[in-house]
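J.: Sequence:
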Amino acid sequence: LMTLNLSVYIAFTIVFSMVLSAIIYYLIEKPAIDYAHKLTR
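The opening position of the sequence shown corresponds to residue 633 in the working numbering, with each subsequent residue numbered one higher.
To be clear, the hints were calculated from the coordinates, so they are not data collected in a lab. It should be emphasised that the depicted structure is a prediction, and the values quoted were computed from it without experimental measurement. A hint or two may mislead.
In silico lysine to any residue, SDA-like type, Cα no more than 25 Å apart, as pairs [as the list claims (entries may be wrong)]: (1) Lys-662 <-> Tyr-641; (2) Lys-670 <-> Leu-659; (3) Lys-662 <-> Met-650.
Here are the computed distance ranges between Cβ atoms for each label pair [unchecked claim]: (4) Tyr-657 <-> Leu-636: 28 to 38 Å; (5) Phe-648 <-> Ala-668: 28 to 38 Å; (6) Thr-672 <-> Met-650: 24 to 34 Å; (7) Arg-673 <-> Met-634: 49 to 59 Å; (8) Asp-666 <-> Val-640: 31 to 41 Å.
Glycine residues also receive a C-beta, built at the ideal position from the N, C-alpha and C atoms.
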């Protein structure tokens, strides 16, 4: 039972970090890239 909880915790942590990085990318990186493209044109 303990190993099952550990694997679920690890999987949840991986998914959570992926979702968090995706949110950060769309909130910060994408607008910054679009803004940089506007400046270069």
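J.: Each hint needs a verdict: does it hold in this structure or not?
T.: To see whether the hints hold, each was checked on the structure:
{"no.": "1", "hint": "Lys-662 <-> Tyr-641", "verdict": "violated, 30 Å"}
{"no.": "2", "hint": "Lys-670 <-> Leu-659", "verdict": "holds, 17 Å"}
{"no.": "3", "hint": "Lys-662 <-> Met-650", "verdict": "holds, 16 Å"}
{"no.": "4", "hint": "Tyr-657 <-> Leu-636: 28 to 38 Å", "verdict": "holds, 32 Å"}
{"no.": "5", "hint": "Phe-648 <-> Ala-668: 28 to 38 Å", "verdict": "holds, 29 Å"}
{"no.": "6", "hint": "Thr-672 <-> Met-650: 24 to 34 Å", "verdict": "holds, 30 Å"}
{"no.": "7", "hint": "Arg-673 <-> Met-634: 49 to 59 Å", "verdict": "holds, 57 Å"}
{"no.": "8", "hint": "Asp-666 <-> Val-640: 31 to 41 Å", "verdict": "holds, 38 Å"}
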